[in-house]
Amino acid sequence: MPADTALPNPAGAAPAGGRELIRLDQVTKRFGGTTVLDRLDFTVDPGKHVTLIGPSGSGKTTILRLLMTLTKPDEGTITVDGEQLFPASEKERREARKKIGMVFQQFNLFPNMTVLRNITEAPVTVLGLSRDEAEVRARELLDLVGLADKCDARPTQLSGGQQQRVAIARALAMRPRVLLLDEVTSALDPELVAGVLDLLRDIARSTDITMLCVTHEMNFARDISDQVLMFDAGRVIESGPPEKLFGDPEQERTREFLSAVL
Amino acid sequence: MNWNWSTLDDFLPAFGHGLLVTLQALVLGTLIAFALGLVWALAQRSPLRAVRWPVTAVTEFIRNTPLLVQLFFFFYVLPEWGLTLSAMATGVIGLGLHYSTYTAEVYRAGIDGVPVGQWEAATALSLPRSRTWTAVVLPQALRRVAPALGNYVIAMLKDSPMLMTIGVLEMLGQARQYGSRTFHMNEPIVAVGIAFILVAYPASLLLRALERRLAR
Chain A
129 MPADTALPNP AGAAPAGGRE LIRLDQVTKR FGGTTVLDRL DFTVDPGKHV
179 TLIGPSGSGK TTILRLLMTL TKPDEGTITV DGEQLFPASE KERREARKKI
229 GMVFQQFNLF PNMTVLRNIT EAPVTVLGLS RDEAEVRARE LLDLVGLADK
279 CDARPTQLSG GQQQRVAIAR ALAMRPRVLL LDEVTSALDP ELVAGVLDLL
329 RDIARSTDIT MLCVTHEMNF ARDISDQVLM FDAGRVIESG PPEKLFGDPE
379 QERTREFLSA VL
Chain B
930 MNWNWSTLDD FLPAFGHGLL VTLQALVLGT LIAFALGLVW ALAQRSPLRA
980 VRWPVTAVTE FIRNTPLLVQ LFFFFYVLPE WGLTLSAMAT GVIGLGLHYS
1030 TYTAEVYRAG IDGVPVGQWE AATALSLPRS RTWTAVVLPQ ALRRVAPALG
1080 NYVIAMLKDS PMLMTIGVLE MLGQARQYGS RTFHMNEPIV AVGIAFILVA
1130 YPASLLLRAL ERRLAR
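Chains as they are written, first to last, in my numbering: chain A, 129 to 390; chain B, 930 to 1145.
Keep in mind that a hint or two might mislead.
Claimed, not checked - Interface residues of chain A toward chain B, partial, derived using beta-carbon atoms under 7 Å:
| id | residue |
| --- | --- |
| 1 | 250 |
| 2 | 254 |
| 3 | 258 |
| 4 | 275 |
Everything labelled a hint here was simulated from the structure, so no lab data went into it.
We put the CB at the ideal spot given by N, CA and C, even for glycine.
Based on the sequences and whatever the hints tell you, model everything.
This is how it looks when you write it as structure tokens:
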């Protein structure tokens, strides 16, 4: 991976092997008596942008949380780039997890650190970059997200849209192979949504980072997705390219859902 | 009431020694209470029940028995088992240990108050557990609870005269010693009372200002 570009996996860099990057096999997740994911299988190929849609409670966010190891499956296996996340030892899980980055609905920036420090903290402590290297990378990323002048600001001094752009830069600073986007515009004021989505479109276009995205922004999903998965009650009930799924869905349930949100 | 300014003059050197001892006990007691309280708070979050359970038992026990009884126990009973410390050391450890069980609760509340999203962001960045604590969770928790910790420092100041009972000559001890030697009790006692309020009241105003600042 070239060290002189801000973006992870710049377009053109060959992905490792031809196999799928993410694989879920028979994954079941229950919360109390409710089955949120029911023997779910799916795979994501390297560089693909996959959007998960469906009614709330259908298990979309749970998939992202499982991949980020924020919660554990009750059954099944999950692998990322050939390395097992579940079942795995804590050590193996820590290694595999480094390939994944996540952007949260509520940004979750560290309020006790400056913007710059938010971005350099993990590259320094986890990847072992020197502080200088990490700062160079952080400044490039801040430039990319349009906040080069906010290095020394505190997160609380930024608007929601700016905070979310810092959070995107923070996730990219770890050069993950997969970026998980969990309803990243849901907490934003309407006028700030477009800026964040434009940035993500940009990143989707100019890198070969794999994206897994839960969103209610159907236009955004249509723009960036290679594949859309429709969830209902813990299962994928329909999947396909966005033109097909949004234009001519096969399932009645998908049609109902789309007419309710579009 | 009998009041003699020259008595006050006469008491002044002893008072100075007492004030110094009170402040020493307060500073050392605070260091112990702050450090040990954090140890208790972290131990109570241990995944191991064998760690959690004894710590909870010990801290509950200490918090729910009087400081005075604990001081007597450390000073009169522990030497029977071969552990003899000076009065000052006993007093400082007793004060610090007693208040560590309160600061532990303060830390606990502060740690619980850090949003779960902060832990999740740390996991998403693969920060090691230790780094998550020191760089993310504790700085936020401590900021939140600084005023509450400060209140316990003031409480410790006001409990420091108990050290007199095991022979530590802090302010009140000096006053009583002076009184029993000269039969002038009024002036020293009033002086000590005023000294306490001169320290405690500005400190509490300072804490309130800090609280307002942190709340912004």
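Comparing the hints with the structure gives:
With a least beta-carbon distance of about 4 Å to chain B, the hint placing residue 250 of chain A at the interface is held under the 7 Å criterion. A distance limit of 7 Å between C-beta atoms decides the matter here; for residue 254 of chain A the minimum to chain B is near 5 Å, and the interface restraint holds. Given the 7 Å rule on beta carbons, the hint for residue 258 of chain A is violated: about 17 Å separates it from the nearest Cβ of chain B. About 18 Å separates the beta-carbon of residue 275 of chain A from the nearest beta-carbon of chain B, more than 7 Å, and the hint is not met.
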